[in-house]
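Chains as they are written, first to last, in my numbering: chain A, 1271 to 1486; chain B, 629 to 1175; chain C, 3 to 309.
In short, the hints are calculated from the structure, not lab data. The beta-carbon is built from N, C-alpha and C at its ideal position, and this holds for glycine as well. Careful: at least some of the hints might be erroneous.
Covered stretches of chain C (chain A as the covering partner; in silico rule of three or more C-beta atoms under 8 Å from a C-beta of chain A) [stated by the list, open to error]:
1. 222 to 232
2. 271 to 281
Which chain B residues stay away from chain C? Per the calculated CB distances, all over 10 Å, these [to be verified]:
3. Gly896
4. Ala908
5. Arg915
Simulated restraints on C-beta separations [to be verified]:
6. A:His1285 with B:Phe911: 45 to 55 Å
7. A:Asp1474 with C:Arg100: 32 to 42 Å
8. A:Asp1458 with C:Gly83: 22 to 32 Å
The lines below spell out each chain.
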Amino acid sequence: MTDRFPGYDVLGKRHTPSWNDKTREVIDQRLAMRADAHRAFTDTQWLTLNALCERIVPQPADRAPAPLAAMIDEKVFEDRTDGYRDGRLPPLGEAWRRGLAGLDAEARTRHGRPFHDLSSAEQDGLLGAVQKGLADHPAWGDMPARLFFEKRAVHDIVAAYYAHPKAWNEIGFGGPAAPRGYVRLQADRRDPWEASEARPGRADQARRENARVGRS
Amino acid sequence: MSDAAEVPQATDGRAPDVMRVGGWIPMRQYADTEAVDFVIVGTGAGGGTLACKLAEHGFSVAALDAGPYWRPLEDFASDERHQAKLDWTDERIVDGDNPLVLGANNSGKAVGGSTVHFAMVSLRFRPEWFKARSQLGYGADWPIDWREMWRYYREVEQALKISGPVTYPWGPKRPAYPYRPHEMNAAALVLARGAEALGIKWIPTPLATVSAPRGLAHPCVYRGMCVIGCATNAKQSVLVTWLPRALAAGAEIRDLAMVGRIEHDDAGRVTGVHYHRDGAWRFQRARNVVVAGYAIETPRLLLSSASNLFPDGLANASGLVGKNLMVQSNQAVWGVMDEEIRCYKGPPSLSITEHWNYEDKGKDFFGGYCYMSQGVLPVTWAGIQAGARGLWGQALIDEMTRYNHQVGLKMVGECLPQERNQVTLTEETDQYGLRIPRVTYAYCDNDKRMIRHALGFMRQNLVAGGGKEIFEETDDTCHMNGTARMGDSPRDSVVSADCRSWDIPNLWICDGSIFPTVGGVNPSLTIQAIACRTADRIKAMAGRGEL
Amino acid sequence: MRAAVLREFGRDFAKTSALTPAPQARILRFSGRNRRVDIASAAGRQLNLSAAILALSVLADSAQEHYRGSFHNRTMYAPLGVAALALGGSLFGVFDRRPMRHPARDGVYALAALTGLVGLGFHAYNIAKRPGRMSWHNLFYGAPAGAPFALVLSGLLGRAAEKVRDAAAGEARVLGVPAGRLLAAVSALGLVGTVGEAGLLHYRGAFQNPAMALPVSLPPVAAALVGAQAIRPSTGRAARAWLKLTAALGFAGVGFHMFGVHRGNGGWGNWRQNVLNGPPIPAPPSFTGLALAGLAALALMAEAADD
Chain A
1271 MTDRFPGYDV LGKRHTPSWN DKTREVIDQR LAMRADAHRA FTDTQWLTLN ALCERIVPQP
1331 ADRAPAPLAA MIDEKVFEDR TDGYRDGRLP PLGEAWRRGL AGLDAEARTR HGRPFHDLSS
1391 AEQDGLLGAV QKGLADHPAW GDMPARLFFE KRAVHDIVAA YYAHPKAWNE IGFGGPAAPR
1451 GYVRLQADRR DPWEASEARP GRADQARREN ARVGRS
Chain B
629 MSDAAEVPQA TDGRAPDVMR VGGWIPMRQY ADTEAVDFVI VGTGAGGGTL ACKLAEHGFS
689 VAALDAGPYW RPLEDFASDE RHQAKLDWTD ERIVDGDNPL VLGANNSGKA VGGSTVHFAM
749 VSLRFRPEWF KARSQLGYGA DWPIDWREMW RYYREVEQAL KISGPVTYPW GPKRPAYPYR
809 PHEMNAAALV LARGAEALGI KWIPTPLATV SAPRGLAHPC VYRGMCVIGC ATNAKQSVLV
869 TWLPRALAAG AEIRDLAMVG RIEHDDAGRV TGVHYHRDGA WRFQRARNVV VAGYAIETPR
929 LLLSSASNLF PDGLANASGL VGKNLMVQSN QAVWGVMDEE IRCYKGPPSL SITEHWNYED
989 KGKDFFGGYC YMSQGVLPVT WAGIQAGARG LWGQALIDEM TRYNHQVGLK MVGECLPQER
1049 NQVTLTEETD QYGLRIPRVT YAYCDNDKRM IRHALGFMRQ NLVAGGGKEI FEETDDTCHM
1109 NGTARMGDSP RDSVVSADCR SWDIPNLWIC DGSIFPTVGG VNPSLTIQAI ACRTADRIKA
1169 MAGRGEL
Chain C
3 MRAAVLREFG RDFAKTSALT PAPQARILRF SGRNRRVDIA SAAGRQLNLS AAILALSVLA
63 DSAQEHYRGS FHNRTMYAPL GVAALALGGS LFGVFDRRPM RHPARDGVYA LAALTGLVGL
123 GFHAYNIAKR PGRMSWHNLF YGAPAGAPFA LVLSGLLGRA AEKVRDAAAG EARVLGVPAG
183 RLLAAVSALG LVGTVGEAGL LHYRGAFQNP AMALPVSLPP VAAALVGAQA IRPSTGRAAR
243 AWLKLTAALG FAGVGFHMFG VHRGNGGWGN WRQNVLNGPP IPAPPSFTGL ALAGLAALAL
303 MAEAADD
């Protein structure tokens, strides 16, 4: 996949009127997260979690990844619940720990190796089986593996990634917007402080416009 | 400065001035031992509005809220993840055939309640809905006449300076909204174009965010983050409208005050509430208690307050407390456009059609629905792609790069009341030691037929508006009502038309719980109108010595 | 150098301008046709000034609004160029003390009026193709009629200015009608149109500030009075007073609108948004331009009445 928003960096807007103090504080904290910090999981669970995050949200090799596993760890450690829990799932932390154990056990049974040692293709195959409801290792306990995958694993990892500015750059999201919002609301119109998309044959123009985003 | 999330702000005779950074306004305070005329549990659309109106009518009022007292200008970040602090994220168990998703879309834990992050869509009920049973053949009748509600709708629309269309194409004639409609964004125009192609009417959505300055509030800047909290105060939430008025009229607002139990005397009259604040349980004496915690916390509190005298919970002689939980179906169709839509700009729903609320021909179901254009922020959008389509891995990443081209239509549909859909208590307890609620929900066949109809029709509209590669989001719901319904008789309702408990004359319920039916529109305007009416009724009853 | 020219212009202009409300005084000092040529020349130059103010308003407003519209259509540059030309031509006319028309100015004014008309067409098309057609929403947020209308007026007043300069006061005729009366009518109609535009946009703003009622209450009186002069000329004293008030309001409006921009979220620090989404700073001077035209018309009519 080629870069759809070449040169766009939402962090370039940090000092424009699009960001207020509170936003700077919150995003700074997120950017300062250490990728290797974990408090909620054991080392084994941590390895599985990292491998899982890489498959749910594969990140490009040419930049440092958003620390998704650390963001999950923080959520679980601080027990930041969502406000509801499917009656068939255990509480947040227990669901995660049991789910990671289940994945690992599933990998060892099927491939004789822990989940994080599998190839990407093997990992994807295994996750696909879990999504289809074909995982039944006793390690899952009474927690439906498929439900864990959909309502916990994918839900939490995807939510973590798209809360990260790196993901905003990838999708051309305008990012933080206060006190300044937007002026041009019609189709195919962008404010000078918004990402410019590289339409066919327009990559250079998009790059130029994206370079000006932080100065607008 | 202390953190509003951890430390009560409304203390020492002052409350945060929500319109000024670091500002304070004076607040009257009542001692726990002093019996106030009304203690109100919850400061959202029901409780906050009622607190204001009762205080303005001269009653002494203390309004308690479990959530923090934010100053949006300084406390709100432009960030979905951080702003989850506005949602009620305490644990709740969901089950049934269609387990609900709670939290962001249908709850709030803040002074001002969920209006602090609501989508601001401010619609009136169709008049016939107030007599749904006798005039339309389904659900239950409200014990209130629509013409009376029409007056209270107007009062609320004026209080919130609703920005809406000059003329309204459905229902009885109504005056122009106090403020003009907002400019429609590209996503809203897709709905409009499609609707015109299908030959149905549409309007710029009436919204509770100002299109021109109002007092210290700036006009909306179209930053598109309404549902994670408006950081500019353009949004006319309860926090910035009714509550400053309530304070000026002498009401006290207590933030970070979680009510755990309502107390009563041997005669069966309530005497006050036990609440948790500043690390301790306290007891506020009151002549009247109003419960306004919304459709889950209201029955939870009433059920938790069970006693020897009321073993099934307070106000529950009918056995209906917690029953008849109604959500609104919130299904959507999504597609992509060739053009860049950038739906993150502007309030999320800038155009709407109420066609299927007012048109009864061609329906194979009871009730109505509206649908509106959609703006979605990245985390939510990714959640839809992962949830509704089961996408993950590179497929998800690639799909997400089309974010700026996506467009959608979402319904707010009327689900029918069913006793089996309910709120009960589990044995698990929360951080306050209170029993966690269980929320059980299943669509009935009528609900499913409506959803099928809506998905089919919205798909036509989206395609006619230029949408391609359409997919359906089939499982979302929004708004919750009905767990303490009002009615004409103590046998089949929990409260009277005046929101007064049939069983305990000085216990009142004033929020979405009292809805006998939900209608096909967002409920906040109706909740506020009911609160205004209730305050006027209480004043009248007090004048006659009937309290 | 430039300052000196301006000073000289100021003195000269004040001496003969219809803005100075003392034609009677001048009558004592001058007499005969020379005097009337002098008056006509001054009125013509004042009309050039009206056209200049309107052109400036259009130039700034269309620059702002078409920038907001990302100049997505190349023709959106046209009003900028033409309004700039009309502004230049008008200023040339204001400083040009020769009591005669100039073919270049005449041409530029014709072009301005024509461009304004074409712009009205474009803007009507823009609204007509939107869902909702002539709905309130589209009138509020679609391409406005006011700006191209102001360009038409600038062109028309400029054309009239050239005619008037060419003749002695009381003799100038446009389309066979005495210039004074016709110009009074144009000024009145222009004011009515501009009041309509301000009324629409201030209604969009819910008249949230009491001052927003001013442009829909003062100028209509001026329009009615100067319009009455066109139909039935009299001393015109009341009309002159209200026109002056209206001219001042146009200037004050700029101040009010700047306050409005500052009133947006983020204030001037967020100028990139608030200048575009707030009240349009360049719009109110249209009132000034039209009021000056009305005053010039009254001056011409006063001369005609003397004969």
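Here is how each hint holds up against the structure:
| no. | hint | verdict |
| --- | --- | --- |
| 1 | 222 to 232 | violated (count 0) |
| 2 | 271 to 281 | holds (count 6) |
| 3 | Gly896 | holds (50 Å) |
| 4 | Ala908 | holds (40 Å) |
| 5 | Arg915 | holds (40 Å) |
| 6 | A:His1285 with B:Phe911: 45 to 55 Å | holds (51 Å) |
| 7 | A:Asp1474 with C:Arg100: 32 to 42 Å | violated (53 Å) |
| 8 | A:Asp1458 with C:Gly83: 22 to 32 Å | holds (25 Å) |
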